[in-house]
Each structure stands twice: as structure tokens, then as C-alpha cells.
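Engineer: Here are the chains, one letter per residue:
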Amino acid sequence: MEAVAVTDLETELREAMRAAVADARPPRDLFQLLRHRRRRNRTRQLAISAATAAIVVAAVPTSLALLSSGGRPSGAGSATISAPASARSGPTATQPEQSRPPRGWARHRDGAGDYIDAPAAWHVSSRAALAEPVVRWVIGTGPVRGGGGCAPTAALRQMPADGALFQVIEYGGSGGQPYDFPPRRAPLGLGPLGGPMECWGVKTHLLLFRDGGRYFQVQTVFGAKAPASLRAEVTRSLNTLHITPLPANQQPTAQCQAGQWTYCTQAAWVNQVLSKAHVVNLGNQGARAIFGGTGRQSFAVWTTPRRGPLPGNRCRSVADTKVCRAGNQLFWSIHGLWLWLRPALSPYTTPPTRAGLPGDQALRRLVKAARTTPAR
Amino acid sequence: MNFGPAGSGAAGDSFEEFVRGRSTHLFQLALLLAGQNQADAEDLLQVALERAWRRGPVRYREGSPEPYVRRILVNASIDRWRWLRRRGEEPLGDPAPGGVAADPAGAVARRDMLLRSLAALPPRQRAVLVLRYWEDHSEAEVAEMMGCSVGTVKSQASRGLARLRLLTGDPAGEPAGRADGGGGRD
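Just so you know, the protein sequences line up as chains A and B, in that order. According to the working numbering, the residues represented by the first sequence are 1 to 376, in order. According to the working numbering, the residues represented by the second sequence are 377 to 562, in order.
Rather than coming from a laboratory, the hints here were simulated on the basis of the structure. Among the hints, erroneous ones may be present.
[Stated by the list, open to error] Here are the computed distance ranges between Cβ atoms for each label pair:
hint	chain 1	residue 1	chain 2	residue 2	range
1	B	T528	A	V134	37 to 45 angstroms
2	A	R185	B	S440	50 to 58 angstroms
3	B	G523	A	R354	46 to 54 angstroms
4	A	R40	B	L542	42 to 50 angstroms
5	A	Q250	B	S440	45 to 53 angstroms
6	A	G113	B	S440	39 to 47 angstroms
7	B	G523	A	P343	54 to 62 angstroms
[As the list claims (entries may be wrong)] Okay, the calculated bits of chain B under chain A, using three or more residues with CB under 8 angstroms as the criterion:
hint	stretch
8	423–429
9	443–453
10	490–503
[To be verified] A short, non-exhaustive set of chain B residues, derived as facing chain A with CB atoms under 8 angstroms:
hint	residue
11	V395
12	Q404
13	L407
14	A415
15	D419
16	V506
17	W510
From the three backbone atoms N, C-alpha and C, an ideal C-beta is built for every residue, glycine too.
Using the sequences and the hints, build the whole thing.
Structural biologist: Here's what the structure looks like:
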């Protein structure tokens with residue numbers, strides 16, 4: 001047994017590593033993933049072998065022909081590689097429920113009954129690199145390797161120059177938070193090209209929509225040499241996206257009516273206000289409020305309908321708005337609502353905060369942002 | 377025991393048993409080697425297991441594939457970082473979602489910083505520290521696993537710890553009970 005010098009740091013490091021991975025578990029279907037990966041590698045190797053053999057077979061007669069013709073090619077045109085037959089009968093209706101995918105296409109279902117169709121030659125993964133939002137599908141014309149932070153960067157790196165890669169993600173899997181997404185339109189487009197996007201590091205098409213009470217984002221990237229027909233094919237694939245609507249009692253509107261404030265449109269408005277006021281959004285306090293953070297203070301923010309008499313009487317003017325105090329809470333009237341702030345302890349240690357109301361500057365920013373952000 | 381490729385009957389089943397039995401530990405190792413990046417860890421583990429499965433009969437005809445899988449994991453994690461560096465890319469600074477649990481205790485913040493610093497180390501240094509302090513291997517075992525000399529392991533570990541001290545703002549770092557009898561902290 002060798003002598004081991006032990007420092008505080010080594011002990012700390014050992015404990016930190018143990019604690020960090022103690023609950024980490026591999027994917028449940030690891031062996032299935034392995035089988036899949038093995039099959040794919042085999043197929044790739046077979047394809048490479050076949051291509052090599054084809055090149056050799058083609059090269060021998062060509063060389064013989066060139067030799068016999070004195071080195072001149074026998075025709076003006078060179079051989080072209082034809083693109084795989086596209087699914088001409090690809091569906092285009094919005095939120096379709098087709099009994100089967102178009103010929104030459106494959107259907108990719110998830111456990112929730114949602115599905116998307118794509119040409120069978122394309123590669124599909126639904127491995128989640130994100131906890132929230134949830135990755136539903138990453139689809140590419142080239143290999144879709146796992147790996148990446150908040151974007152499928154490993155797959156992006158492998159995307160062929162004439163290929164495409166798109167990712168469908170869903171927001172609110174665990175949140176209960178409305179987003180400012182427009183309803184799904186028929187047919188879906190790719191969305192505007194913008195960026196470089198924070199996660200992807202490149203420009204992407206960005207499409208946001210809500211469907212069946214759920215919130216989706218699609219980002220698409222095309223290689224520099226991607227043909228126009230590929231855009232059409234990606235769009236066609238997107239339009240096969242079938243979303244199972246949430247049951248009526250789980251739709252945000254119903255949840256809001258049941259008293260879950262974070263499902264209400266006012267919560268989405270508060271999110272916008274916080275963002276505009278440069279207040280950090282620290283997540284939800286259950287379904288009642290949203291945590292905001294400014295500097296070292298964290299507080300809960302929520303709204304109530306403006307009814308009855310003023311619920312407090314110690315008021316002062318902040319950015320030309322009367323801001324009042326009721327106990328340890330601040331509130332003011334805006335767009336037919338009372339907007340409330342109350343000191344609250346953030347659930348996160350990073351950034352470190354303590355329960356407290358925002359300082360004067362941050363409060364002014366909040367008041368102004370609330371005034372200039374249209375109500376919903 | 378023979379962990380042959382799938383499709384070869386009992387041999388394939390054995391490999392599946394090995395995966396089921398050891399995948400949690402190997403995944404945790406991959407997670408530390410990948411700097412707490414969940415997606416990269418899953419990828420590393422799959423690469424290592426698939427390669428071991430494919431080459432099984434040649435590499436570990438009479439024994440557990442674990443040392444072989446571990447070796448592939450370590451080398452693949454180092455190669456991946458080399459590749460990223462060639463591309464001029466840096467891995468994300470933030471830990472993967474869910475990597476570190478939120479906790480009000482101050483100790484968690486310190487631990488968080490330590491793990492972030494570990495993730496920021498060069499891959500070879502990180503691999504040495506993980507194998508030495510998480511898996512509790514001796515320097516000779518680590519050297520064998522990484523295909524380098526014991527001296528290299530010592531120097532990589534020493535540099536890794538020094539860098540961690542720097543990154544975490546730990547000014548002392550003197551050994552508490554040095555084997556050579558040198559003075560240290562309590």
C-alpha cells in the first residue's frame with residue numbers, strides 16, 4: 001500500500017466528486033442505445049465497403065476505356081449522384097393525424113403520442129441534452145450524434161455541407177408557465193433566420209408556436225451547399241408534426257382558472273416585465289409567484305385583480321407611479337392589476353441572494369418596465 | 377467468462393449483464409471525466425461500451441471488460457478535448473442541468489466551485505484526479521490505465537491539484553500528513 005499524502009483539498013475533492021455523481025444514472029435504455037449504435041456502425045461500414053467496391057468496379061472499365069481511346073473521355077457529361085427520392089406525397093396539413101407516413105418516410109413517435117415523419121434515410125435522435133425545455137427530436141440528413149450543452153452541437157459539427165439539421169423542443173414540461181408563443185399556423189414555415197444563437201453558436205431558423213396548450217420551438221440549420229429542395233423537404237417534415245393536445249383541465253387557461261397563477265397570462269406578462277427591468281428570473285414559487293433577483297436581493301412577484309379599496313396606505317412616488325407598502329410587501333396599480341413584491345428566499349445558491357425587496361434603482365426599473373409593457 | 381459480441385448467444389447476454397451491472401459506476405466515471413456534462417458522458421459511455429462489445433473477444437477473452445472499458449473512457453475523453461481544442465472551441469462553462477443540486481448550505485457552493493474548477497482542468501489532469509481520488513486507484517494503476525509512466529501521473533496530479541487550488545482560491549493546500557514527513561496543516 002503506498003503512502004498517500006492527504007490535503008484538505010484532496011479530501012474535499014474526493015467528497016465533492018462522490019456527492020456530484022452519487023445520484024447519476026445512465027439512460028434506462030442504455031443497452032438498446034448500444035444495439036442501435038452498433039447496428040448503425042455496421043451499416044456505415046457496409047456502406048463504405050460497398051462504395052469502395054463500386055468505385056473499384058467502375059474504375060476498372062473506365063480506365064480500360066480511357067486506355068483504348070487514347071486518354072480522351074468518351075462523353076461530355078460526368079456522372080452525377082442523384083439525390084434520394086423524396087416523398088412527393090408528404091403531408092402538408094397542420095397538426096395532421098395521418099394513418100401512416102408517406103412512402104419512403106419513417107414515423108418517429110414518442111411516449112406521449114406525438115410524432116413527426118421524416119425521410120427514412122435521415123437520422124433521428126430524441127436524446128435529451130436539456131432538462132427544460134425538453135428535446136423532442138433532433139433530425140438531420142447526416143448522423144445525429146449525442147453531445148452538446150443546450151444545442152445538438154456534436155450533430156451540428158457533423159452536418160454535411162449539403163445537409164440540414166433541426167431540433168424540436170418543448171417548453172414547460174415541468175413548469176406550468178405560459179409563454180408568449182403564437183398559435184400554430186397552417187402550414188408551418190421554417191421561421192426567420194437569426195442569430196448566431198446563444199446555444200447553437202450559428203445562425204438558425206427559429207420557429208415558436210403553441211399547439212394543444214403546449215409550447216414548442218424549432219430551430220433549423222442548413223449547410224452552405226444545401227439545395228432548395230432540402231428546405232422544402234424539411235418544411236414538409238415539420239408539417240407532419242402531430243401534437244397530442246393537453247386534456248382540457250390541464251390547459252393553461254383551466255389551470256389559471258383553478259387558481260394556479262403561474263399558468264395565467266399575467267405571469268407571462270410579469271416575465272416580460274422582469275426581463276425588461278433586468279431583473280433575474282429565479283424561477284417559480286410553486287404556482288403562486290415568480291422569483292425575481294436584483295443584486296443580492298430575491299423577492300416574489302405576482303399579480304392580483306385590482307378590486308376593492310387600496311390594500312395599503314404608506315405610499316410614495318416611484319418613477320411617477322404611486323408605490324405602496326402593506327406589511328413587508330410593496331404593490332402598485334398597473335393595467336387593472338395590483339403588482340406585488342414580497343421578500344422571498346430564492347431556491348438557488350447561485351447567484352447567492354437573501355430575501356429582500358429590490359433597491360430603489362431596481363424598483364424604478366420595475367415600475368417603468370411594468371408601465372411600458374402592454375398587458376395581455 | 378467470455379463477453380463476446382451480441383448475436384453470439386450467451387456471450388452477448390454476458391455483455392448485457394455486464395452493462396446492466398456496471399453501467400451506473402461507469403456512467404458516473406464518464407460524468408466526471410466529461411466535466412459534469414450529461415450528454416457528453418452518455419456519449420462517452422456508449423462509445424466505450426460499443427467499442428468494447430465490438431472488440432470483446434480479442435481484448436478480454438478471459439476476464440471482465442471493465443478495465444478495457446475504463447481505458448477507452450479515459451482515452452476517449454482526452455481525445456474529445458483535443459479535438460475540441462483543435463477546432464478552437466471551448467466547452468460550456470456551466471455545469472449540465474441537474475448536475476449540481478441546489479442546496480442552501482454554503483458547503484455546496486464551495487463544492488460547486490471545486491467541480492467547476494475540475495471541469496476546467498486539462499483533460500489529462502482531470503482524468504488523473506478522477507481516477508486517483510474518485511476511483512481510489514494507485515499511481516501505478518492509473519499509469520497503466522492511461523498508458524504513461526508513474527512519474528507522469530505524479531506530475532499531472534500535482535499540477536492538477538495546484539491548478540485547483542488556484543481556481544478555488546485555496547491559498548494553503550499544504551499536506552496534512554505528508555508521507556515524507558514534511559510539515560502540514562491540521
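Engineer: Against this structure, judge whether each hint is valid.
Structural biologist: Hint by hint, here is what the structure shows:
1. For B:T528 and A:V134, the Cβ-Cβ distance of about 43 angstroms falls inside the hinted range of 37 to 45 angstroms, so the restraint holds.
2. Range check, A:R185 to B:S440: about 56 angstroms between beta-carbon atoms, so the 50 to 58 angstroms window is met.
3. Roughly 50 angstroms separates the CB atoms of B:G523 and A:R354, a value that falls within the hinted 46 to 54 angstroms.
4. Between A:R40 and B:L542 the CB atoms are about 43 angstroms apart, so this pair conforms to the stated range of 42 to 50 angstroms.
5. Taking the beta carbon of each, A:Q250 and B:S440 are about 48 angstroms apart, inside 45 to 53 angstroms as hinted.
6. Between A:G113 and B:S440 the C-beta distance comes to about 42 angstroms, which sits within the given range of 39 to 47 angstroms.
7. Restraint check, B:G523 to A:P343: a C-beta distance of roughly 57 angstroms satisfies the suggested window 54 to 62 angstroms.
8. Counting residues of the stretch 423–429 of chain B whose C-beta sits closer than 8 angstroms to any C-beta of chain A gives 3, which meets the bar of three, so the coverage hint holds.
9. With 0 residues having a beta carbon nearer than 8 angstroms to a beta carbon of chain A, the stretch 443–453 of chain B misses the requirement of three or more and the stated coverage is violated.
10. Under a criterion of three residues with beta carbons nearer than 8 angstroms to beta carbons of chain A, the stated coverage of the stretch 490–503 of chain B is upheld, 3 such residues being counted.
11. Taken as an interface hint, B:V395 checks out: its beta carbon lies about 5 angstroms from the nearest beta carbon of chain A, inside 8 angstroms.
12. The interface hint given for B:Q404 is met, as the beta carbon of that residue sits about 4 angstroms from the closest beta carbon of chain A, less than 8 angstroms.
13. The beta carbon of B:L407 is positioned within 8 angstroms of a beta carbon in chain A (closest approach about 5 angstroms), and the interface hint is therefore held.
14. Here the hint on B:A415 is kept, as its CB sits about 4 angstroms from the closest CB of chain A, short of 8 angstroms.
15. Interface restraint check: B:D419 against chain A, minimum CB-CB distance 4 angstroms, threshold 8 angstroms, status holds.
16. At about 7 angstroms, the closest approach between the beta carbon of B:V506 and any beta carbon in chain A falls short of 8 angstroms, and the interface hint on this residue holds.
17. Taking 8 angstroms as the C-beta contact cut-off toward chain A, the hint placing B:W510 at the interface holds, the least distance being around 4 angstroms.
Checked against the numbered hints above, the structure violates only hint 9.
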